[in-house]
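Got chain A sorted already, so can you dock chain B onto it with the hints?
Here are the chains, one letter per residue:
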Amino acid sequence: MNGPGDWSWFRELLTPLQRLGERPCPSRAILSMYVRGQLRDLWRVGAHLLNPDDWTLTEVSQHLLTCPACARQLALMRRRELEHTSVWRELWESLPGALRAHFAAYALALLALVIVNALLVTLVPAPTVALPCVPVGPAHPFGSEMPDRDLKLDGLNKPAKLPQSLSNECAPVPAPRPPWQTWWSVWILLLWTPLLGLHLVWEWLGGTIPAQRRPAATSLASFVSFFL
Amino acid sequence: MEYDPIALSHQIRLAYAEHLMRCTDLPPSEMEELLSLDGDLDAARRWLAFGYAKHRYDPDHVRGLLVYLFSNYYPSLVDDPAKGTLLRRAIERKTIKLSEVTIEKISGTRLDWAEVFQLVGKEFNPTRVKERIVAIYEELKGAGHERSR
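Same order as they appear, the protein sequences are chains A and B.
Heads up, the first sequence is in the working numbering, so the first residue is 1 and it goes up one at a time.
Heads up, the second sequence is in the working numbering, so the first residue is 1 and it goes up one at a time.
Chain A on its own, in the form it takes in the complex (with noise of 0.2 angstroms):
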């Protein structure tokens, strides 16, 4: 090596490849599939395989290398996902790792406890509190007082009013709901979505820092220690 900078002795490494062998071009499917890094990372060279499909990720990798038909395809597969990424898709890759995994939990957890609270809510039948039974005939002369109707039940904060076809029965009536059959996950909703927020702030500011400079006070652990 003749200085610092110097990258002839590296480069000289570097001479392209040739294509070797009769193995037919990946399909578009494989394609896909190594732009998406799907396939598979063997230590395989020069194999004669029988499956026309069985690439791994170097294999396919080479033969872009030396295979000009499908270096194009690629190409114009790339080109399409440049002009074809939709803005919430942007916007989605643009949001920092922990701030993604924090929204997709949040997102998950609602669901899953909006679709619990709803089941409780509409499915397990409300508590019921039944009426002492309110005697009828010769026990009441005619003409004299009836029994007081505004009775107050347990449980119950105002006295419940009988209603008049039933006065003279024992019959249930609704008590008040315990909290776990009340909508709780708005309050789930009402506390999580400022910390939500928080977070995005939080993760805005410490991107406004050089990466080089960042103080680790900028990490979600320091966020959730902070706010926990």
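Hints listed in this document are in silico derivations from the structure and should not be mistaken for laboratory results.
Heads up, none of these hints are tricks.
Label pairs and their computed distance ranges (CB to CB): (1) B:Tyr57 x A:Pro52: 39 to 47 angstroms; (2) A:Trp204 x B:Ala90: 19 to 27 angstroms; (3) B:Asp4 x A:Pro52: 20 to 28 angstroms; (4) A:Leu200 x B:Asp4: 51 to 59 angstroms.
Stretches of chain A that chain B covers, calculated by requiring three or more beta carbons in the stretch to come under 8 angstroms of a beta carbon on chain B: (5) 13 to 21; (6) 54 to 63; (7) 74 to 87.
In this text, all values refer to a predicted model and were calculated from it rather than measured experimentally.
Ideal Cβ placement from N, Cα and C applies to all residues, glycine included.
Relative to the frame of chain A, chain B by itself:
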């Protein structure tokens, strides 16, 4: 199907380089014979020097140097400007990892050192890494001479 041993050896050496970048490489001691199938011991030693440097020093520094090398000095077969744009965007958003990189994905993209450091996740002194690799190569060359005597 007849294979040209020189072309096959070259293919094996570039495959080794790619696996070095993704950290899926085999130990260099197991690669010595495979890398010199065509008898080109010098080329084999150069690539082995990268492998030994990964074991002796910080492997990410060697991986980063390889990324810079292939990105800037390995020619792209066709004009593919979207490749560089997508790669830079992925590096910026940290949606690409070194374990997903191939020579094709980075060739001709002309990444600068700041982008390579971001992809690797750490900064290093490239000159020192280069010097260490060349020093290991000289060691291997010296050991080869001793063996052949």
